[in-house]
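Protein chains: 2
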Amino acid sequence: MNHIQGGVCAPKGFKAGGVHCGVRKNKSKRDLAMIVSEVPASAAAVYTQNLVKGAPIYITQRNIADGVAQMAICNSGNANTCNANGEEIAWEMCKLAGAAAGISPENVIVASTGVIGQPLPIEPIANGVAPLFAALSDHGSTEAAEGIMTTDTRLKEVAVEFPAGGVTCRLGGIAKGSGMIHPNLATMLVFITCDAAISPEMLRKALSADVKDTFNMVSVDGDTSTNDMVCIMANGLAGNDIIDSDDEDYAAFCAALNVVTSTLCQMIAKDGEGASHLLTCQVCGAKTTKDAKLAAKSVVCSSLLKAAIFGADANWGRVLCALGYSGADIDVWKVDVTFRSAKGSILVCKDGASIEFSEELAKEILLQEDVEVLIDLNDGDATATAWGCDLTYDYVKINGDYRT
Amino acid sequence: MNHIQGGVCAPKGFKAGGVHCGVRKNKSKRDLAMIVSEVPASAAAVYTQNLVKGAPIYITQRNIADGVAQMAICNSGNANTCNANGEEIAWEMCKLAGAAAGISPENVIVASTGVIGQPLPIEPIANGVAPLFAALSDHGSTEAAEGIMTTDTRLKEVAVEFPAGGVTCRLGGIAKGSGMIHPNLATMLVFITCDAAISPEMLRKALSADVKDTFNMVSVDGDTSTNDMVCIMANGLAGNDIIDSDDEDYAAFCAALNVVTSTLCQMIAKDGEGASHLLTCQVCGAKTTKDAKLAAKSVVCSSLLKAAIFGADANWGRVLCALGYSGADIDVWKVDVTFRSAKGSILVCKDGASIEFSEELAKEILLQEDVEVLIDLNDGDATATAWGCDLTYDYVKINGDYRT
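Here the protein sequences line up with chains A and B, keeping their order.
The first sequence begins at 1 in the numbering used here and counts up by one.
The second sequence begins at 1001 in the numbering used here and counts up by one.
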């Protein structure tokens, strides 16, 4: 499998773009993004589990219930959530986007990210849709990725090639996460495109399975947003025989999907609000995958460990503490903990107890940007990985600043 | 019910004290505390649910399995957790304390709080126990409360009088939480004394029921410590008829217990690491008590809301978001949210959507030290209260500073 350029425009038949339309006041910031497929595509999405859901979530759920979509539109700067007329506005966005592209509004995926509880005016979007559609190009992925960013400091796009049905297929994605200029919620939005032919059923199955190991294993601050969505459109223009059963082409598709999603996960965690470190926790030796996942997720979610990583403090006691309350079935007297980065690796806890180690080397390892916590539970064969970031002054600053 | 002075020494027949023995290097900081009853007392305790437990937890569990204890000893500066010889050291502390007081080591409650994964030397404690016992007094509650403090900035003691069985009984408590000079874990320790006569069974029942509404509803940072413990000793010296059934005296006892524990909860939350605000969330109108508790706890645990309270930002969207992922069964379109403090109260969300309000007044309200978030779910009669604090630069500083 090869990494390639082009993001969501890497797969055949997809164009994308992003413009400033005026939802945001800052004119130098794109706030409206669009992705369009030449032909109708199989589509699937997964959504936030939060009971409070952004209005666009409901419209998108309805629109792709039939497993088909042809375009996506997304604004940043306003989440269109907790608004009495929210669904009306989201549906209006679909109608405007569909009209510009000559596509039925039922085939539009719609999303919003930004402040919640403030009515979203439709005028800027109505004015922006036509010029945006006119400016779409097959190298517009980056503009679209910019259009969905909020306090993101890094662009998040990735694409890969993979073989299926005797031809080369491509799969690309863009993402935003996590923060906003006037922060309210760290919405995570991911748009994935693919030119493989795959049935809506298999696409849904692949995405649902994948997110359990990828996006559900990311945490920046433990707050589940109201607007999270991961969606995928696969338009079949690669010319492969359609993937409609659990065969080797499906496996190739899932592997490509996993490369794209896990790469985006790392990009999102690394760009967590205020983050200065990407924190990856790899658990092995667990009794079950469920135990491995509970353990890994608990470690990357611990405020105390996150603060220690900010301080490059090899405070393994906090790792043990987080394992202990994770809900995973573990034998604490079998746990080994290693810290690893580009500067090397160091065992800091053996059999659940302290061992001698060089604090100096540990500090050097933890001062690197990408830090891994490797945990061997020595109690089975199951493994899991979770991604997070450190807790910094800037997280507090970004989220504590006056909204008004 | 009257509030009275004296903390854990307010009930008849209890002496307490605290000294510096040398577990900590800073000689001006007491690091060893003791509480002794004149006579054996009914005893009960609840412990951390963390699978990684401090060694003293295991010893105390064993010692008060019979429902009887007569003294408590606690050091600060070292948690005696994740140490191969931890239980041996904790048991040695019981033997030393018991020998000094002429009490069986099986009747000693033992606790530790501090850095984990560092062997606890017994020498300072062996040297400190005799002078500490000699210095115990019936006005030594404050010294004992100081002896268990770590990064605590406020002393936490409280006592009340209540009538039971025709006589006046007293109940007092001290607590520590939450932080450490070389922080590892924000252990919460609570010692409660009472001079009422009550059977061990009823004492256990009362404490177990109470903590569900009090200590289990406090959160500073979501990290469940390895060493948390709440214990109570009731020595019967008030002279009341023993409370051994679910009668009105038991109800009076439970009411007194609840005043002491909920007061200590507020003290602990207000003194959370780095905290500048006490955050109280009161939920009413819930379908069930379970829903009310899930909702209240979720709100005080939200990193995003905690950062907003630090910034005095009336960001009610984060309250809705936390309600939405709380797991509580709520109708989001019925939710009202009010912020309240000494400066007044202000409705900021009605029926799950935005309403106009004065940002200026909201800010003034949120700038107060004690801030309440009042949530009416308008969907039933159940209520709950949870306590937390804001998320500040100082939390990151305290927990991100180099341990080494």
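Take these hints with a grain of salt, some might be off.
[What the hints assert, rightly or not] In the BS3-like style, the derived pairs of lysine-lysine whose C-alpha atoms are separated by at most 30 Å in a straight line are:
| # | chain 1 | residue 1 | chain 2 | residue 2 |
| --- | --- | --- | --- | --- |
| 1 | B | Lys-1290 | A | Lys-290 |
| 2 | A | Lys-397 | A | Lys-27 |
| 3 | A | Lys-363 | B | Lys-1027 |
| 4 | A | Lys-25 | B | Lys-1397 |
| 5 | A | Lys-363 | B | Lys-1397 |
[What the hints assert, rightly or not] Simulated restraints on C-beta separations:
| # | chain 1 | residue 1 | chain 2 | residue 2 | range |
| --- | --- | --- | --- | --- | --- |
| 6 | B | Ile-1355 | A | Gln-5 | 43 to 51 Å |
| 7 | A | Ala-99 | B | Asp-1329 | 34 to 42 Å |
| 8 | A | Asn-216 | B | Lys-1212 | 23 to 31 Å |
| 9 | B | Thr-1153 | A | Glu-369 | 29 to 37 Å |
| 10 | A | Asn-85 | B | Glu-1359 | 19 to 27 Å |
To be clear, the hints were calculated from the coordinates, so they are not data collected in a lab.
Every residue, glycine too, gets a C-beta built ideally from N, C-alpha and C.
To see whether the hints hold, each was checked on the structure:
1. B/Lys-1290 - A/Lys-290: At roughly 26 Å apart (the allowed maximum being 30 Å), A/Lys-290 and B/Lys-1290 satisfy the hint.
2. A/Lys-397 - A/Lys-27: Roughly 24 Å between the alpha carbons, so the hint for A/Lys-397 and A/Lys-27 holds.
3. A/Lys-363 - B/Lys-1027: Holds: A/Lys-363 and B/Lys-1027 sit about 29 Å apart, inside 30 Å.
4. A/Lys-25 - B/Lys-1397: Status violated; Cα separation ~34 Å.
5. A/Lys-363 - B/Lys-1397: holds, 17 Å
6. B/Ile-1355 - A/Gln-5: 43 to 51 Å: Between B/Ile-1355 and A/Gln-5, where Cβ atoms are some 48 Å apart, the hint holds.
7. A/Ala-99 - B/Asp-1329: 34 to 42 Å: Cβ of A/Ala-99 to Cβ of B/Asp-1329: about 40 Å, so the range 34 to 42 Å holds.
8. A/Asn-216 - B/Lys-1212: 23 to 31 Å: holds, 30 Å
9. B/Thr-1153 - A/Glu-369: 29 to 37 Å: holds, 34 Å
10. A/Asn-85 - B/Glu-1359: 19 to 27 Å: At 22 Å between Cβs, range holds.
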